[in-house]
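Protein chains: 2
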Amino acid sequence: MAKKAPRRTAERILESSLALFNRFGEPNVSTTAIAADLHISAGNLYYHYPAKDEIVNALFARYDEALSGLLHAGADVQDVEDAWFFMHTLFELIWQYRFFYRDLNNLLSCNRRLEEQFPVLLQAKTAAMHDLLQALRRRGALQMEPADAMQPTATSMVVVLTYWLSFEYVRAPRQALEPESAQAALLHGARHVLGLLMPYLEPTQRAHLARLVGAYDQAT
Amino acid sequence: MAKKAPRRTAERILESSLALFNRFGEPNVSTTAIAADLHISAGNLYYHYPAKDEIVNALFARYDEALSGLLHAGADVQDVEDAWFFMHTLFELIWQYRFFYRDLNNLLSCNRRLEEQFPVLLQAKTAAMHDLLQALRRRGALQMEPADAMQPTATSMVVVLTYWLSFEYVRAPRQALEPESAQAALLHGARHVLGLLMPYLEPTQRAHLARLVGAYDQAT
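Sequence lines, in order, name chains D and G.
Start counting the first sequence at 39; every next residue gets the next number (our numbering).
Start counting the second sequence at 39; every next residue gets the next number (our numbering).
The shape of chain D in the complex, shown without the other chains (with noise of 0.2 Å):
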């Protein structure tokens, strides 16, 4: 049998780190555990990642990479169909790595890089929020005064996509996080971040909502 290349061990690493961190949270996974995970010795481990930080930090660029990739689309926006779908696409980022969320402020003080890095990911956010709000406001379909409510509501939006699956853990800390909750919590959360948008859309666009949002209300 060929033996696997370094590249590869890597990368196993990661996706291993990845779902242990989500499952248990990233402050109760030792790369003790992570090695015996993927049976292979400390001292493998070690050699690709020094230390449990580095797993953390690669696996943010990552998540960072894919994040931002997907920010862009919310200046493209062009009704609310658009919208739930864009902000069903960054729940199910989010929920990928949601070990990031869990333990965000434990993570940001232990790491500096995270705590450098988080604040610039959250300003993304909130600009590609503001920016969903002009595409929508620019087609019609949100009637808001950008002066008064726009930023606000951005920012407000990002509170809610950000903490939401924080909010779901502190309701129910043994079951919000697992895979079997995902579903609810990625339609519960686009349901709430988009619900701060209902009273200023136009009249069809916010039936249109209330339409995706009551189909949901029937699947839950």
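No lab work stands behind these hints, which were simulated from the structure alone.
All of these numbers come straight from a predicted model, not from anything done at the bench.
Among the hints, a few may not be true.
Since copy identity is lost for identical chains, a pair holds within one copy or between any two.
Claimed, not checked - Quick list of in silico lysine to any residue cross-link-like pairs, SDA-like style, CA-CA up to 25 Å:
no.	residue 1	residue 2
1	Lys90	Arg209
2	Lys90	Ser219
3	Lys90	Ala187
4	Lys90	Pro241
5	Lys90	Leu225
6	Lys90	Cys148
7	Lys90	Asp186
8	Lys90	Phe123
9	Lys90	Asn66
10	Lys90	Ser147
11	Lys90	Ala71
12	Lys90	Ser79
13	Lys90	Leu105
14	Lys90	His126
15	Lys90	Glu183
16	Lys90	Gly63
17	Lys90	Phe62
18	Lys90	Ala165
19	Lys90	Gln134
20	Lys90	Ala222
21	Lys90	Phe124
22	Lys90	Leu52
Fit chain G to the known structure of chain D by using the hints.
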């Protein structure tokens, strides 16, 4: 000099712990550090609180009691001026116990009592926001269809209320939870929670809230 009564020491331990937890985060403060801060022996501290979790639980009991007393006032709100004052008072209390919000999920995963009690507290907050919306609606200040918007709006208000300080912390980890940032953090928080009601307010009330918010924007 008279020897201090045990009751007084127990009280001082709670006060010192609260200050240290707020300043450095609960996971970063040991019972040894608390004893050192008070110039008492570790033995004396253990006599009053045999484990750090018991200090955390005693502080939670105080917070829970103060919060429950306050939340009842949600139903008595008559206009946006009352709502603004209510939200400030709520944020001031959250600020006093901000360490819970800084490391909430971490605390929940390590402390069984908090894991049980925090969901109850979130429910009480959601019920209070719902009461506040109903009170404003009864007075004609709010134009909101209960069937469509009241429950999700109350829930989103609780998410913004609960995670506002975490959000400020991510944006500026080294400044956000320091005492000199209190005033700005509380005003920003109250402004964003009540901002969610803006589009639903009766026009005179909306103008009144905009004036209150405007006075704040100039002050920060």
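Against the structure, the hints come out as follows:
no.	hint	result
1	Lys90 with Arg209	between (29 Å within a copy, 24 Å between copies)
2	Lys90 with Ser219	neither (28 Å within a copy, 33 Å between copies)
3	Lys90 with Ala187	neither (42 Å within a copy, 44 Å between copies)
4	Lys90 with Pro241	neither (51 Å within a copy, 55 Å between copies)
5	Lys90 with Leu225	neither (32 Å within a copy, 38 Å between copies)
6	Lys90 with Cys148	both (11 Å within a copy, 21 Å between copies)
7	Lys90 with Asp186	neither (45 Å within a copy, 46 Å between copies)
8	Lys90 with Phe123	neither (35 Å within a copy, 46 Å between copies)
9	Lys90 with Asn66	both (12 Å within a copy, 19 Å between copies)
10	Lys90 with Ser147	both (15 Å within a copy, 20 Å between copies)
11	Lys90 with Ala71	within (11 Å within a copy, 27 Å between copies)
12	Lys90 with Ser79	within (15 Å within a copy, 36 Å between copies)
13	Lys90 with Leu105	within (22 Å within a copy, 39 Å between copies)
14	Lys90 with His126	neither (30 Å within a copy, 41 Å between copies)
15	Lys90 with Glu183	neither (47 Å within a copy, 50 Å between copies)
16	Lys90 with Gly63	both (13 Å within a copy, 22 Å between copies)
17	Lys90 with Phe62	both (15 Å within a copy, 23 Å between copies)
18	Lys90 with Ala165	neither (31 Å within a copy, 42 Å between copies)
19	Lys90 with Gln134	within (19 Å within a copy, 34 Å between copies)
20	Lys90 with Ala222	neither (31 Å within a copy, 36 Å between copies)
21	Lys90 with Phe124	neither (33 Å within a copy, 44 Å between copies)
22	Lys90 with Leu52	within (11 Å within a copy, 35 Å between copies)
Of the numbered hints stated above, those contradicted by the structure are hints 2, 3, 4, 5, 7, 8, 14, 15, 18, 20 and 21, listed in ascending order.
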